[in-house]
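Enquirer: Line by line, the protein sequences give chains C and Y.
First residue of the first sequence? That's 0 in numbering that gives the first Met the number 0, and the numbers climb one at a time after it.
First residue of the second sequence? That's 0 in numbering that gives the first Met the number 0, and the numbers climb one at a time after it.
Hints are computed from structural coordinates only; laboratory data are not their basis.
Among the hints, erroneous ones may be present.
[As the list claims (entries may be wrong)] Using C-beta positions, here's what the derived DEER-type ranges look like:
id, chain 1, residue 1, chain 2, residue 2, range
1, Y, G25, C, F49, 27 to 33 Å
2, C, R178, Y, Y7, 19 to 25 Å
3, Y, T148, C, V277, 56 to 62 Å
4, Y, P11, C, P5, 32 to 38 Å
5, Y, Q80, C, P109, 31 to 37 Å
6, C, D268, Y, P110, 20 to 26 Å
7, Y, L19, C, T347, 40 to 46 Å
8, C, A116, Y, P110, 42 to 48 Å
9, Y, G114, C, R178, 51 to 57 Å
10, Y, G25, C, D66, 28 to 34 Å
Virtual Cβ for every residue (Gly too), placed ideally from N, Cα, C.
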Amino acid sequence: MERRRPPLPRFRSPLRGPWLTSVFGVVLLVALPVVIITGLLSYVAYGPQFGQAIPGDVGILHLPLFDWPASPSWLYRLTQGLHVGLGMILVPVVLAKLWSVAPKLFDWPPVRSPAQALERLSLLLLVGGILFEIVTGLLNIQYDYVFGFSFYAAHYVGAWVFIGAFVAHVVLKLPHMVRGLRSRSLRAELRVPTSQTRPEDPDDDLGLVSEQPGPATMSRRGALALVGGGSLLVAVLTAGQTLGGPLRSLAVLLPRGRNSAAADGGPNDFPVNKTFAVTGIEPGAVGAAWRLDLTGGAALVRLDLDALATQPQHTATLPIACVEGWSTTQTWTGVRLRDLAALAGVPTPASAVVRSLEKGAFAQATLTSGQVLHPDALLATAVNGAPLGPDHGYPARVVVPALPGVHNTKWVRSIEFRSV
Amino acid sequence: MHRFRVLYGGGPLNLAVLLLCVAVAGYAASIVVGDAAWPWMAVWFVAAVVVHDGLLSPLAAAADAVLRFCLRWFPRVPARQTTVNYIRVPVLGAALTFLMFLPGIIRQGEPVVIGQTGLDQGPFLGRWLLLVAAMVAVSALVYGVGGLTRR
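Only chain Y is shown next, with the shape it has when bound in the complex (with noise of 0.2 Å):
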């Protein structure tokens, strides 16, 4: 049993429970192995991992930390650890709103949902930038709000 967790870096129960992770994997795999589209379904589930962990992770990181410099350099900003928030929010709020309703926004698969709900993609954009000013305009006022109390 030493033996084992020395070779193996775990307990046997470690090994059961991903191999048994990595069966169910296999088995799942293996109903659409018969469809002709399933090399894309990978690709989609690979892309899906490295679009996050490679590419939207480190670029809102790399903005945050821009951003963090550029208000430590911005001269007439009170030196507040949290005043990045007032920008964080919203931009996170329009990032979040405009990933999961992309479609709509950039009027994609249009004639779908045309023929589908007989409505066309038109308001989307539109409704997304009022969303994003609201945003905006809520963050800016309780900074402003916020500003006048510290006086």
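Next comes chain C alone, as it looks inside the complex (with noise of 0.2 Å):
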């Protein structure tokens, strides 16, 4: 069989093996589930109780529901810039141990048995899942969607089909691994220069090491060093977009390394989630016509603008994170939603849907009965000490501590406090 191997390429690094191998797979063997799981949380976070968690039927492939918490107010900040941004820092290291075991795509005969032809389908899953994830999330934090699919249907379908690939993968591999890792130190290897790096002893069995290896270009810790540097810049184009502050422009490449295109410096220059521009909602609509219908109660109570002034003013320090990983951190005032509920005559409600304005996929958010009566949740009318500006939902938006971003809905028109 040997004889008739096609004109393969031929692999020379000295630096593949089993070692180096072992070591990008126990790092993404550690990273890996803290992004998975913190997706999977963001779903969740979502509401699919309310149906509002897309794609809307899963059947059994979610984490165990509940209600996702009000606080801390972090929660969501934390969990999806963990995602986002571990997600991103680990691409290096993907790339990194994909080069190598490219051997391994090249293996002949190309299929021994049963046993390795199922075992290179799932390869193809896992290495589709990764490969896919990386970029349906790369496209969306960016909004290109040039892909012209739901985004969150393929990026959730996409992570189970990763998730089963990556257990089967650590549950076959993780023998291999541990040798791999024991073949060699740390500690030792992290010593060796260029010119006495020599290739890892041959593994037939495994094939990474190659038979005729060229002369060392780069040390293996050289190589660690490469792909680390890569993380860290990453790390550093990516994590402003997240802690915001002064840090926010280190996210030279991202748009929300940027705060709104007043870019004043004022108490309304912080990053928008889509501009009132684009709501198609009447500038009249938002003017002195404009009221806020509380529903659920034996009447219909609307407010103006003035009316909600009247009412008990509170003010909290309060992060709005959006599934794109980034968020930004105002200090807010309005009247408390749980105020709101006694005033409509559902002090304590099962649940609220707010309804925005405007049009359209995210125009109305039902919230928990803990987010309701969480003395921080707000309908916001003034942020930093004044009026909220049009992008950020004039005249009243919602901010509830660690909601997505999406789900705080601006120009809201209408609550409605359901008792069951």
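Both chains are given apart, each in its own frame, so use the hints to dock them into the complex.
Expert: Laid out in structure tokens, this is it:
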């Protein structure tokens, strides 16, 4: 069979081998579960019990469902910041891991047994899964919907394809990884310069070590530093969109490295999640004619902006944290949602449906009882001491601690407090 | 049992784990069968592998081979195996950031970005070029300093 091997590429790097692959593997083994779990938590945070998580029906493929808590207020900022930030930081590690196992792609003969055929299929799911998640995720955080399908549905389904393949891969390869890690000492390897770098011992059964290695142009510590440096670079270019403050401007290549078009440093100069201009809302609808309807009680309660201003005001410093991993913490002032619930005649609602003046997919959001009753959950009319700007939801927007950003409905028209 | 191992080429745990993996993938895919766009999801899934394994990886390997070949024949470069890294590192940094932040750099999907954020994608290409220039400059500086100390 070997004699009939077609002219497939020969791999000559002396660095490839079980040890190097295992080092990349153990990093991914520790870090990817964090990315996976925070991603699945985001699905729960969107409120699947209200039919507002996407995709709607996922069968048994979800974490145990629970009411997403409203405290600590930074919860979604943390989980989603980790999901996106760590996911991006791992991109160089994933690429390095794939580089280290590249010879396996050209295994010859390509299929030796049913077991190997099945394993190669699982590797297609594994590699396809991780690359699909990286590509769709990166495009989504940059608002590039060139793929033309629902990001949420595709990213969620792709995640489960990957999870299944990832678990299988870990179960089958863990012994190899442990053996690989034990084959060399990391500390000793970090002292080996390029001139002393030799191939790992032959690994006939694994096929990672080159049979015709060229001279080393880089030490193993150099390769690890290169990959780590890539991750560090991505971290520097990404962290600012989540951490905010002066660090935001370090995210020079991301849309959320910038604040707002005004760039005036004023009270409304922080990142916008959907501008007023694209909502299609008539400017007159948010002027003097604007009314807030509170329903669910015995009678409709209708308030104008002045009436809202006479209600007890509360101020809270809360983050808006979005699915794209970015967040911004501001000081909001308005009326507590629980005060509005009492005003409507439903002091302990089971849920509340907030509707916006805008139309479309995220024009309404359902809040849990815990979210409505949290003392910092607001219908905000002001931010940082000034009225909300048009892009931030004037005349009134919802701000609920730990709620995914898109559910903090802007340009609110009505709130329906439900008792069941 | 022995017969099974010979016929299948692995143990029963191997078979169970791999079948479970395929079953999870099939079950997950069934979530989106009602979605008219599901064939495009499948296309992007496969294309991700094909573009990585069949295009970008061979391209990177070929570029590296060409680079090492050129350095060997470039008369004024001292014959050191590691010299290539002063080019590799900034090029890899440029490629990584280009691919990860592609939409902003090539201004793809700009109307949506403006609608969502109120900001255009104007600055990104210039910023990326500056970043690449900085990486190249640092690498050249380190190479130059190394050359001085070697002398």
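Enquirer: Please flag the earlier hints that this structure goes against, numbers listed from lowest up.
Expert: Per hint list: zero violations.
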